[in-house]
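If you're matching them up, the sequences are chains A and B in order.
Counting in our numbering, the first sequence runs from 1 upward without gaps.
Counting in our numbering, the second sequence runs from 113 upward without gaps.
FYI, nobody ran anything at the bench for these hints, they're computed from the structure.
The hints are all genuine.
Residues from chain B shown here face chain A by an in silico Cβ test under 7 Å; the list is partial: (1) G154; (2) L155; (3) L203; (4) G211; (5) G213; (6) P215; (7) F218; (8) G219; (9) D220; (10) G221.
Ideal Cβ placement from N, Cα and C applies to all residues, glycine included.
Residue strings, one per chain:
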Amino acid sequence: LAKTTQPISMDSYEGQEVNITCSHNNIATNDYITWYQQFPSQGPRFIIQGYKTKVTNEVASLFIPADRKSSTLSLPRVSLSDTAVYYCLVGGPNSGYSTLTFGKGTMLLVSP
Amino acid sequence: GAGVSQSPSNKVTEKGKDVELRCDPISGHTALYWYRQRLGQGLEFLIYFQGNSAPDKSGLPSDRFSAERTGESVSTLTIQRTQQEDSAVYLCASSAFPGGGEPQHFGDGTRLSIL
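So that you can see chain B by itself, here it is in the shape it has in the complex (with noise of 0.2 Å):
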């Protein structure tokens, strides 16, 4: 089957603009994460999703930065009012079950530069 997509692959703004950042899970994959990676850096934990729960928001850094998921589906990482220091890979990743343990799979990200 399909692994997780993401889109766009490359998204290039300007400062001050909005950016909508889509990601299609692996299909029946209950929980869903989001991750920023700065050049060079580790992955950082933004949003995590599993199944009709309140998510997990406590990786967003700043109220600039939301996070939608209709029931197992898709999900969107919207960022309002970009700087500059949001430029990094947005990597969206699914797993089968809940649990820290789970492994999860991942995209190939989207590339956000904002000039």
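Bound-form chain A, shown alone (with noise of 0.2 Å):
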């Protein structure tokens, strides 16, 4: 089981650029780390998924150690609308999804 650890919560100004890690000691072989974004009112809805190394979209980056047990979400120059709560989810092809825990997330808070 890949539980993972985030942080509460985090504070940031508009223009900044946002690091968000994540814990995932027991990360197996098989696990992507998938992060997500979740307004209120609204369901969580994918931002980024990597296996190692860095992958980057039009929304973010996502960094990954070598040894891939932490992973670092990478928001450039946030705005107030990148207020959200962030997931950090570990899993593959072998992993049950009852085992699926989405947690609590970081509460982000952009100010202006």
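Once you've looked at the hints, go ahead and assemble the two chains, each given alone in its own frame, into the complex.
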């Protein structure tokens, strides 16, 4: 069971880069790391997924060190609309679905 | 194409009543998940469907909860004899392929309030 640990909350200002780190010490060889974003009154939304090294898309970057025991979601130049809860999820083809735990996520508050 | 659709968006009912929540997954998605999210909390896995395989019901909190899915289409989550602790947002998600690493696509949930 690859449980994850994230900070409960983070504060930032518009235009800054935000890095949210997730610890997953028990990650399995076949597990991927997936990040989701959730706004109030909405379901979580897929942001980015990676297995190792670095992945970048139009929204964010995901950095994964060689030992894969942690990962960092990087949001460049955040805006007020990036205020949301961010979840780190670890799972793979050999993971049971009941073991997929979203946890409480990280509440990111972006201020003007 | 359309995303995951859930109905109703809000449901208020009296304690002891039965409720039925509906989820329409993205067309062609083989996997479907139900979660419960209490206020200020993370998502709690309830049940998982994959094609015609037996569902993984290991997250259902009691025998008052049940769910069905016909093939790779609509799913319904039923809660019998509702209790106040059942008040939560019930979220449905689907993914194109099975596997714990597959990105899930969520609906906006049904907010259930038990009076």
